[in-house]
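Protein chains: 2
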Amino acid sequence: MPQEIERKFLVKADFRPYVESSTRIMQGYLSSVPERVVRVRINGDTGFITIKGISNDSGLSRYEWEKEIPLSEARELLSICEPGIIDKTRHLVKMDEFTFEIDEFHGDNDGLVIAEVELESEGEVFRKPVWLGEEVTGDKRYYNSKLAKNPYKKW
Amino acid sequence: MPQEIERKFLVKADFRPYVESSTRIMQGYLSSVPERVVRVRINGDTGFITIKGISNDSGLSRYEWEKEIPLSEARELLSICEPGIIDKTRHLVKMDEFTFEIDEFHGDNDGLVIAEVELESEGEVFRKPVWLGEEVTGDKRYYNSKLAKNPYKKW
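Protein chains in written order, with this note's numbering: chain A, 1 to 155; chain B, 1 to 155.
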């Protein structure tokens, strides 16, 4: 099975000078059960459906399946998702051979900024940018599926 | 939104002389919540992912979205589905301009045989085959998603 290895961090300082591109993302969940998350996403003008299995014990590896779908279908599917649509801007920052995805949340999750980096293996080493804060990999509160139900403003 | 209008019946007599084709179907659910069912199906050697919204009050109309996916991906996705995989043989019987889909269940739903017919409108009239029994349209016990959790053998 394809696996996704990701580490997730809070952002503690201004990352904006390093941003290469930014896209608005809207996403909702048809299932937010961690063993079988089904996500609908609109990324700019492209739709996606993504299915994720349960994480391994470290929270680093996770089965992931994704298909691009027409924007109109993504909109229809978003309309039947669970209450709590996530609205965020995703900024890309490159450093060495790594791309950091920085999610700046809006709406009920306003004020939350999270950076993720995808790795080849669980032990892979990378240089930490100055704006990178506390690691929150595996902390379920920061799952987007959890933020949809229990947004940052309520913490 | 695309809508599916279907009526569902028990089968009370031998339908086999009328069968035109039969396929084995395995299916599981990533979500079995009626408001947003996410189904993975293997139909012969083809995979599908299907998403269904909530039914209207009569139980006849339902939003449905479906995509064909590779068999290998359908197998992966089946492995992360909720417990209770449905195993059935689907027989097709044609009568006038209608095609009846007759599902003969196996495993924990052995003994259950259900016929479905898809209509153009809720009021459309069709001739009833001799083997067609009691109508069970809208009876949630007969939803495949319910049969996965509460199989016929336990009724």
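Rather than coming from a laboratory, the hints here were simulated on the basis of the structure. There's no promise every hint is true.
Identical copies go unnamed one by one, so any copy, or any two together, can satisfy a pair.
What the hints assert, rightly or not - The list that follows gives simulated cross-link-like pairs (lysine-lysine, DSBU-like), each with its CA atoms no further than 30 Å apart:
#1 K146 / K67
#2 K67 / K12
#3 K153 / K8
Comparing the hints with the structure gives:
For the identical chains of this complex, K146 and K67 are neighbours both inside a copy (22 Å) and across copies (27 Å), given an alpha-carbon limit of 30 Å. For the homomeric pair K67 and K12, neither the shortest alpha-carbon distance inside one copy (33 Å) nor that between copies (42 Å) is at most 30 Å. Taking the shortest Cα distances, K153 and K8 sit within 30 Å of each other inside one copy (20 Å), while across copies they are farther apart (46 Å).
Hint compliance for this structure: hint 2 alone is broken.
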